[in-house]
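Could you put together the complete structure from these sequences and hints?
Read in order, the letters of the sequence shown correspond to residues 1 to 191 in full-length UniProt numbering.
Please note: incorrect hints may appear among the correct ones.
[Unchecked claim] Cross-link-like lysine-lysine pairs, in silico, DSSO-like; alpha carbons within 27 angstroms at most:
no.	residue 1	residue 2
1	Lys139	Lys122
2	Lys160	Lys25
3	Lys122	Lys136
4	Lys160	Lys21
5	Lys139	Lys25
Quick caveat, the hints were computed from the structure, so don't treat them as lab data.
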Amino acid sequence: MAEAVTSREAGEDAIHARLRKAIEKRESAYLWVPSDAITFVPRVSPTIYGDGRALFTIATLNQRPAYWVIRACSTWGCGLDRDDAPGPDFAQMTDQIMADLEEAFGRGRCGYSGNSLFWTRKERLRNCQCEECDEKRFKARWPMVDDSGGCSWSRTDWPKGFDTVENPLSWQGNLLAGHSPHRGGAPRRAN
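Here it is, written out as structure tokens:
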């Protein structure tokens, strides 16, 4: 039976606020060639999973190289280290994570036809004439989620300035050092 995974909203968590300040800065990136570079602001999910000591990036195939940062449990596996992990593999959590991202940032797909709401109105109306696709003044924008086609993910390090330790599961993606619940800004267990 799969282990139950706890999650909580970051709310006023001081570490989460510092993480957002460090991550959510305009950047330019490209997937294949520099001429296809995009400018975007990576977004930190407002949901913290488990102890919140590990960081992962996740990107939808339709929105790469733009990505979200996920604060996840230090017990989660990822790829080659999944067999040694006491918690679930990140891949097992992607449906829940994508649903939480959609809840936080909005869904970039038509609920009726599945059209991308990132398309222009003219392009959307070729396949669907519902109210959502026919909306004249609306076009989805990042960080709304267009998860048709799947997603990709990887571990990532905490930004400089955070107290970290090596990850015993992986050479990639350090962990936030353990904190006493009585020290300011420490992660708290979900009730």
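Hints, verified against the model:
Restraint check: the Cα-Cα separation between Lys139 and Lys122 comes to about 11 angstroms, which is no more than 27 angstroms; the hinted pair holds. Only pairs whose Cα atoms come within 27 angstroms are accepted, and Lys160 paired with Lys25 is accepted, the gap being roughly 14 angstroms. Of the supplied pair hints, the one linking Lys122 and Lys136 holds, its CA atoms being roughly 9 angstroms apart against a limit of 27 angstroms. With a C-alpha separation of about 12 angstroms, the suggested pairing of Lys160 with Lys21 holds against the 27 angstroms cut-off.
About 23 angstroms separates the Cα atoms of Lys139 and Lys25, which keeps this hinted pair within 27 angstroms; it holds.
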